[in-house]
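Asker: The chain contents come next:
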Amino acid sequence: MKKIILALALATAFSAQAVEYTQVQPDKSAINFTYKQMGVAVDGKFRKFTSQLNFDPTKPTTAKATFEVELASVDTGAPEGDQEVAGKPWFNTKAFPTAKFVSGAVKPLGGNKYEVGGQLTIKGKTQDVVVPATFTPQVNTGVFDGSFTIRRADFSIGEGSWAKFDIVANDVVIKFRITANSK
Amino acid sequence: MSYTKTAKALHWLMAALLFGLLALGFYMQDLPLSPEKLQLYSWHKWAGVTAFLLVAFRLFWRLAHRPPALPASMPKRMQFAAHAGHLLLYGLMIAIPLSGWLMSSAKGFQTVYFGVLPIPDLLDKNKEIGDLLALVHKSLNLLFIAVLAGHIGAALKHHFIDKDDILTRMLPKH
Ligand code: HEM
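If you're matching them up, the sequences are chains A and B in order. Sequential numbering from 48 applies to the first sequence in this note's numbering. Sequential numbering from 4 applies to the second sequence in this note's numbering.
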C-alpha cells in the first residue's frame, strides 16, 4: 500500500513538472522598452501583441515562441511621440505594421535561466538576437522575464534628421514579462 | 543708497535669463517634434534649474542685505503694493521652476542638469498629473508675465513720471 501511494505521489509530482505553458495572458504580460534621450533614460511600452508559445520546462530545447507586436500600439510617454514614431522615419507602421520575433535554439543555462536565440524582424529588416530569460513557475502559470538590447539603426528605426544618436541613442533595451497558463 | 553689486548683478542676470526662458518656453512648445525640439526642451530645463539656483542664492542674499528703503514721498498704500509685488515675483520665480521640474517627472522625462547631474523625480510617471502640472506651469508663467509687466511699468513710472531714483539705483553705475 505504501508503495502504491509513493508511486502515485511520484507520478503526480512528475506530471506537475511536465506541464506545457501555452496560454499567454495578455493582461499579465508586458513588452516595454527604454532608450536614452540626450543621456536621459526614457521608458515606453507596446500595448498590443499576439503570441504563440510552447514551453515545457522538462524539455526546454523544444520550446517555441513567436511574438508579433503591433507597432502602432506604442506608448512613448507623449502623444506627439506616439504619432512621430508611427511615421515613415521610424516604424513606418503603414508599410510595416508589426515587429516579429521567432525563436530558434533555446539553451538552458541552469536553474531558471535560459538563452533564447531567435530572429527579430522590424521594418523589413531581420536580425539574429539572443534573449536571456528566466522562467518562474507559479500555480498553474509561469512567468518569463528578460531583457535584451537592440540597435535601432540596425532596423532603420529613426531615419533622416533622427539618424544621428546625439539626441536619441542607438541602443534600445527591450524588457518583457510574459505570463502563460499551462494547458 | 543703492543696492549691493551682487544684488544688481543677480537682478539683471536673472532678468535676461527669465526673458530667455519665457520666450524659449512658448516657442519650443509649438514646434513639431524634431531632434531640435528635444534639444530645446533640454536647454529650457537646464536654464530653468539654473534660474532656480540663482533665485535661491538671491533670496539668501536678500535676507542678509537689506535693500535701500523706498522714497518717503511714496504713499503707504503704494509702498505696500511694491512690497507685495516683489514678494509675488519671488514666489513665482520659485514656483515656476518647481512646477517645471515636477511636471517633467510626472511626464516621465527626468531632468538631468546639463546631461550629467540627474535631479531626482519626486513624482512617479502619471499622465493626468503631468498634464495638470503643465497647465500649472503655463498658468504661473502667464501670471508671471502680468506681474512683470506691472513691475516694469512701475519702474518706468518712477523714472519718467515721479522722477525718483527707483530705477537708476538698480543700474550698474549708480
Ligand atoms: C523660471 C524658470 C522658468 C520659466 C520662466 C519657464 C517658462 C516656461 C514657459 C513660458 C513655457 C511655455 C508654457 C506653455 O505655453 O505651456 C514653459 C514650458 C515648459 N517648461 Fe518651463 N520655465 C521655467 C523653468 C522650467 C524648469 C526648471 C523645467 C524643468 C525642469 C521646465 C520645463 C518645461 C517644460 C517641459 C515645458 C513644456 C510644457 C509642455 O510641453 O506642455 N521649465 N516654461
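Keep in mind the hints are simulated off the structure, nothing from the lab. Remember, predicted model here, so these are calculated numbers, not experimental data. Heads up, some of the hints might be wrong.
Stretch by stretch, here's where chain B covers chain A in the computed footprint (C-beta under 8 Å, at least three residues) [to be verified]:
hint	region
1	78-88
2	124-133
3	188-202
Ideal placement from N, C-alpha and C gives every residue a C-beta, glycine not left out.
Asker: Next, verify each hint and record whether it holds.
Answerer: Results for each hint:
1. By the rule of at least three residues with a Cβ nearer than 8 Å to a Cβ of chain B, the coverage given for the region 78-88 of chain A holds, with 5 such residues.
2. Counting residues of the region 124-133 of chain A whose beta carbon lies closer than 8 Å to any beta carbon of chain B gives 6, which meets the minimum of three for the stated coverage.
3. For the region 188-202 of chain A, the stated coverage by chain B is violated: 0 residues have a C-beta nearer than 8 Å to a C-beta of that chain, whereas at least 3 were required.
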